[in-house]
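Chemist: The primary structure of each chain is shown beneath.
Number of protein chains: 4
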Amino acid sequence: MIIPTATLLVSCPDRPGLVAKIANFIYANGGNIIHADQHTDLTTNLFLTRIEWQLEGFNLPREVISTAFAAIAKPIEAHWQLHFSDSTPRLAIWVTKQNHCLLDLLWRQKAGELPAQIPLIISNHPNLQHIAQQFNIDFHHLSITKENKFEQEARQLELLKEYKIDLVVLAKYMQILSEDFVVQFPNIINIHHSFLPAFAGANPYQRAYERGVKIIGATAHYVTKDLDEGPIIEQEVTHISHRDTVKDLIRKGKDLERLVLARAVRLHLQNRVLVYGNRTVVFS
Amino acid sequence: MIIPTATLLVSCPDRPGLVAKIANFIYANGGNIIHADQHTDLTTNLFLTRIEWQLEGFNLPREVISTAFAAIAKPIEAHWQLHFSDSTPRLAIWVTKQNHCLLDLLWRQKAGELPAQIPLIISNHPNLQHIAQQFNIDFHHLSITKENKFEQEARQLELLKEYKIDLVVLAKYMQILSEDFVVQFPNIINIHHSFLPAFAGANPYQRAYERGVKIIGATAHYVTKDLDEGPIIEQEVTHISHRDTVKDLIRKGKDLERLVLARAVRLHLQNRVLVYGNRTVVFS
Amino acid sequence: MIIPTATLLVSCPDRPGLVAKIANFIYANGGNIIHADQHTDLTTNLFLTRIEWQLEGFNLPREVISTAFAAIAKPIEAHWQLHFSDSTPRLAIWVTKQNHCLLDLLWRQKAGELPAQIPLIISNHPNLQHIAQQFNIDFHHLSITKENKFEQEARQLELLKEYKIDLVVLAKYMQILSEDFVVQFPNIINIHHSFLPAFAGANPYQRAYERGVKIIGATAHYVTKDLDEGPIIEQEVTHISHRDTVKDLIRKGKDLERLVLARAVRLHLQNRVLVYGNRTVVFS
Amino acid sequence: MIIPTATLLVSCPDRPGLVAKIANFIYANGGNIIHADQHTDLTTNLFLTRIEWQLEGFNLPREVISTAFAAIAKPIEAHWQLHFSDSTPRLAIWVTKQNHCLLDLLWRQKAGELPAQIPLIISNHPNLQHIAQQFNIDFHHLSITKENKFEQEARQLELLKEYKIDLVVLAKYMQILSEDFVVQFPNIINIHHSFLPAFAGANPYQRAYERGVKIIGATAHYVTKDLDEGPIIEQEVTHISHRDTVKDLIRKGKDLERLVLARAVRLHLQNRVLVYGNRTVVFS
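Protein chains in written order, with my numbering: chain G, 3 to 286; chain E, 3 to 286; chain R, 3 to 286; chain W, 3 to 286.
Keep in mind that the hints were calculated from the coordinates and are not lab data.
It should be emphasised that the depicted structure is a prediction, and the values quoted were computed from it without experimental measurement.
Just so you know, not all the hints are guaranteed correct.
Pairs involving identical chains hold if they fit within one copy or between any two copies, as the list cannot separate such chains.
Claimed, not checked - Here are the simulated EDC-like cross-link-like pairs (lysine to aspartate or glutamate), alpha carbons at most 20 Å apart as the crow flies: (1) K163 with E238; (2) K249 with E115; (3) K249 with E212; (4) K249 with E149; (5) K254 with E238; (6) K151 with D39; (7) K166 with E155; (8) K166 with E149; (9) K254 with D43; (10) K227 with D182; (11) K166 with E238; (12) K254 with D228; (13) K23 with D39; (14) K151 with D250; (15) K99 with E115; (16) K148 with E65; (17) K99 with E160; (18) K99 with D43.
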C-alpha cells in the first residue's frame, strides 16, 4: 500500500535557519520526511526547497496545513505550494494532427507512469478523434483561423474550467496561444522540436538539416507570452549523420519529443519543478 | 573570496525528525546551510544526508564541532564524517605504464578542478618518472613480483603514512592489492576499463570486441577485498561500431577512463559520496 | 514516388577487386547505385558489403538477378542475400504480458517507420489479445508448460509457416526457445533488458539495483541456441542514480527496450545487418 | 608493420557507374581497397566517396597516380583530393590563454592518436610559451590590436608558409580572423564552446546559464568568412542541472571542447571529412 504524502515547494530570500524552520514545522506535527532537497541560487540569493512527508501520523488535518504553514511562510516572504500525492491533477492534451506525443502520454497514463487524469483532448483538426474515442476521452475540435482565434480561445478557457483542468500539455499543438490566454491559464507545458534556443520558431528539422548540425534535440518548457522563450524543464538530444535526410530527422525527432515531453509532464505532476525567473529547479 | 564550509555526511536508521534535528544543530549555532540533500533507502530503512554550511558566523569553534555533534549522533545510531572545505586532502596516485589518467588528474589539479594536494606517485614500473619530475612530485618505483608483494605492500603502507595520504587513486595501476592492504588502507578509488559488471577482470576491451558489443564503458569504484566488486561511484559509456578494432576500443576507452576517474575523484574530494552496503549515494 | 531498389548483402574472403567486381555487375546491367558500404575485418580477412541500386533502368529482370549474381559469387566463395525494397517482409511478434514493446512496434509500423506487414501475434498468455483485435491482427494464445513445450513449439512453427513469416520479434516474450526451434527458424530478434553481457539471464533490473550500477541498458540481438549470447544488433543505455528504485529502473528500462528493439527491427528490415561469427556489421 | 595507403576523396554530380569507374581504376592497377564508403545527396544530386587502398602491390608509382586519376575525374566533373597515409600533415595550433585544448592535442599527438607533426604554436598572449618549450615546439607570440591586426595576419601567413603548415587548429584562440586571411589559408578548424547554432558569438556559457538550458555542448567546425557559420565537423553535449553555476558550465565545457576538437582534427587528418556547400560528410 502506498502511504499518501504532502509536498511543499517553497522559494524565498535566503537566510540562516530556513531548513530548520521548515523541517521543524513537519517534525513538530509528527510528520516523517521522505524527501528533502534544497537549492540556493547564490546569484539571486534565493532559497528553493522541496520537502515531502508522509501524512500517516501527521497531526494536522489536511484542511489546516495551509493555514498553519502560512504563518511560517509570511515572515520569510516565501512563495509556496502545497500538494497531496493522492489528489490526482487533471490534464488536457492539445494536439493538431501528429499522434506520437498524444499516444505516448495516454499509454504512460494507463501504465501508471503519469499520476493524472486525462478527461479532455482539444484539437484544431478532427484527425485524432478516433484515438480519443478509443481511450474514452472527450474530444473537442476547435478549428482556428485568424478571424476566430479570439472567440475560440474563450471557448478553450471555458472548457478548461468546465473540465477542472490543472495542466494543459501541448503535444504538438501547432498554434501559438495569445498572451492573454497564457495570462489567464498559466499552467501549460509545450514540446518544441529542437534543442532550444537553437532553431526557435518554425521548421526546426528543415533548418537543422540545412545548417548541417550533427546533433538534434527536443525541449519541453512552460509556455509564457514570449514564444519558445519559457522556462525549460527538460531537454534531450540524439546524434545524426550526413546519411539522415530531413525525413529521418523528423522520425528520430519524434522519439526525442515523446520522451522529453513525458519526462517533463511526469516531473511536473510529481511537483518536482520550481520556476524562478526564466529558469527551473528540477528536484529529481 | 570563498567562504570556508563544513560538511556533515550522516547515515543512520530512518525515523521522524532527523532532518530537523541536524538542521537545528547547525541553525542553533548560527550556521547558514548552503547545501542540504537527503536520501532514504526504503529497502534498508536507512537515512542518508549531506549537509554543508558556512563556517563564517558559526558559533562553535572547529575543534569542538565533532564533540558537539557526537552528542546528537549517538542516540540516533549514526555513522558520520565531518569535513572542512579548506583542509585539503592529500592524494597518492598509483600507476603502471599508461599515462593518460595520471596526466589528466595532474592537469585538473593544476586547473583547480580537484581540491587536493598530490605529493606522491607510486608505480611498479619506472616509465612515468619523468612526469612526476615535471610536476615536481615525489615518485617511488616499487616493482612487484609474486615473491616480494608482501614486503612491497608494507613499504607502500609506510609511504602512505609518511606522506600523510588520505586517498589512493589507482590510475591504471595494473596490480591487484591484497585483502590485507585494503583492510589497512580502505580509501582507494580504482578505474576499471569496462561498464562493470560486464567484463570484470582482465582484458575487457579484447573481450568487448570478441563479444561484439555496440557500447563500451568505464567504471570508477572504491576498492574492496573482492576484485572489481566494490561500490561504484561513476560510470560512462560510448557507442562503438564494427569499424572499431581492439586498438580503437582502447583509444576510445582512454577518454572514458580519464573522464570517469576524474569525476569520481572530484565527487569524493567534495565529500559527495556516501557508501552503504555495496552501493553509493552520490549527492551531486 | 519511391523508386524500388535491390540490395545485395555479401560476405567473402578478402582479395583485391571485390568492390570493382560487384560494382561492375550492377553498372554493366545499367543499375544506379544509391548506397554502397563496405567493411573488411582484418582479423578474419573477411570482406563484407552492402550495395543498393535502383531497379528502374536495370536491364536484368528481377527473376534472373540471383542466377546472374551467383556466377560472380561462386568463384569468390561468397555468402550473399538479395532483397527487393518493394517486397514487404512479414513479421510475427511474440509477447507475454507486457505491452510496451508490442504497442511501440505496432505504432511504428502504422507510422510507416517499419517496412513490414504484421499479420501474427503469438503469446503464452491471453492478456494482450485486445491489442491484437484493435490493430486487426490474428492473435494465437499458446500457453507453455514444461510438459507441452515440445508440441507447442511444433504448433508455433506451423503458424510461422502458415502465415509465411520472415522474422520473429520477441517483444518481451518471457520464454526460452529450444535449440531445435532456433535451428528450424533462425530469423529471430530478441530484446534483453540489460546492456549485455552484464546481467544476462533473469531479473536484470533487480540485479542492476543490487550491484549499484549507475547506468542501465537494453540490448537487441539475434537469438541463437546459447541464451543471451547471440549477435548484438543494437544497445542503448541511460544514467540512473541512488534515487531510482527497482521500480524506477523497470520504468526507465521500458523506454530503452522499446527504442532499442524498434531500431534493431528497422535495421534488419532495411537489410542493413550482416552477421558473421557472433558479431554483426550494421551498415547504417 | 603498417602498410601505407592512398586515399581518394571525390565529389561529383551523380550518375550511374561512378563506384565501378573508381573501383576499376584501383583494381586495374593492382590495388587492394581496404575502405570504401559512398554517399549520395539526393537533394543536390551529388555523389561523394572516400576510397582507401594499399599501396603495396599497386602498379602505379605515387608520382603518377594524380595524373592517371585526373583522366577519370575530368569527364565526370569531379572535385577530388589524393592523400598518402605516410606523408604526415603539419599542424599549427593557435591559442590565447587557456591550455586545455592545446595540452590535449599535444598529448594525443604524442600518444599516436593524431597522425601529424606539430612544429608551430602561435598565440596572441605569451602565457602558454612554457608548454611549447616543454614539448619542444616553436612558439610565436603575436599580440593583436585593432591597429596591428592587418600586419600581424600577414606575419601569421608568412609563418604558416615558412613552417609548411597544412592545417591550422584554433584551440581556444579568442580572436576573429579576417575574411582575407581565411581566403588565403582556408584549412582552419575551430572549436566553439556551444552546440551551434545556439549561442553563436561571445560568452556562450554565460548565456546558456541565463537561458536556463539543461544541456550544453561544443562544436568543431571549419572556419569560413562568416563567424561561427562554417561547416560543422563534430558536436557533443552534456547534461547540466540547476546546481551548475556558470563556473561549472565552463569546467564541464572544457571536457567537451577538448574531446570534440580532438575528434574533429583526427577525422580531418584521416581524410574522412568532405565539405560540400556548408555541410560535411564524415566517413567514419
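Chemist: Hint by hint, say whether it matches the structure.
Modeler: Against the structure, the hints come out as follows:
Taking the closest pair of Cα atoms, K163 and E238 never come within 20 Å of each other, the shortest separation being 33 Å inside a single copy and 43 Å across copies. Taking identical chains as interchangeable, the C-alpha atoms of K249 and E115 lie at most 20 Å apart only when they sit on different chains, with a minimum of 11 Å there against 30 Å within one chain. Taking the closest pair of Cα atoms, K249 and E212 come within 20 Å of each other only inside a single copy of the chain (13 Å); across copies the shortest separation is 33 Å, beyond that limit. For the homomeric pair K249 and E149, neither the shortest alpha-carbon distance inside one copy (33 Å) nor that between copies (49 Å) is at most 20 Å.
For a Cα distance limit of 20 Å, the shortest separation of K254 from E238 qualifies both inside one copy, at 12 Å, and across copies, at 15 Å. Taking CA atoms no more than 20 Å apart as the test, K151 paired with D39 passes in neither setting, with 43 Å inside one copy and 47 Å between copies. Taking the closest pair of Cα atoms, K166 and E155 come within 20 Å of each other only inside a single copy of the chain (16 Å); across copies the shortest separation is 53 Å, beyond that limit. For the identical chains of this complex, K166 and E149 are neighbours neither inside a copy (28 Å) nor across copies (55 Å), given an alpha-carbon limit of 20 Å.
Taking the closest pair of Cα atoms, K254 and D43 come within 20 Å of each other only across two copies (19 Å); inside a single copy the shortest separation is 36 Å, beyond that limit. For a Cα distance limit of 20 Å, the shortest separation of K227 from D182 inside one copy, 8 Å, qualifies, whereas the shortest one across copies, 44 Å, does not. Taking CA atoms no more than 20 Å apart as the test, K166 paired with E238 passes in neither setting, with 31 Å inside one copy and 40 Å between copies. In this assembly of identical chains, K254 and D228 lie within 20 Å of each other by CA distance neither inside one copy nor across copies; the values are 27 Å within and 30 Å between.
Both within a single protomer and between protomers do K23 and D39 lie at most 20 Å apart by alpha-carbon distance, with minima of 14 Å and 16 Å respectively. Proximity of K151 and D250 under a CA criterion of 20 Å is satisfied in neither setting, with 33 Å inside one chain copy and 42 Å between copies. With identical chains, the CA atoms of K99 and E115 are at most 20 Å apart between copies only, with a shortest distance of 17 Å across copies and 24 Å within one. Neither within a single protomer nor between protomers do K148 and E65 lie at most 20 Å apart by alpha-carbon distance, with minima of 45 Å and 57 Å respectively.
Taking CA atoms no more than 20 Å apart as the test, K99 paired with E160 passes in neither setting, with 23 Å inside one copy and 41 Å between copies. For the homomeric pair K99 and D43, neither the shortest alpha-carbon distance inside one copy (41 Å) nor that between copies (30 Å) is at most 20 Å.
Comparing the model with each earlier hint shows violations of hints 1, 4, 6, 8, 11, 12, 14, 16, 17 and 18; every other hint is respected.
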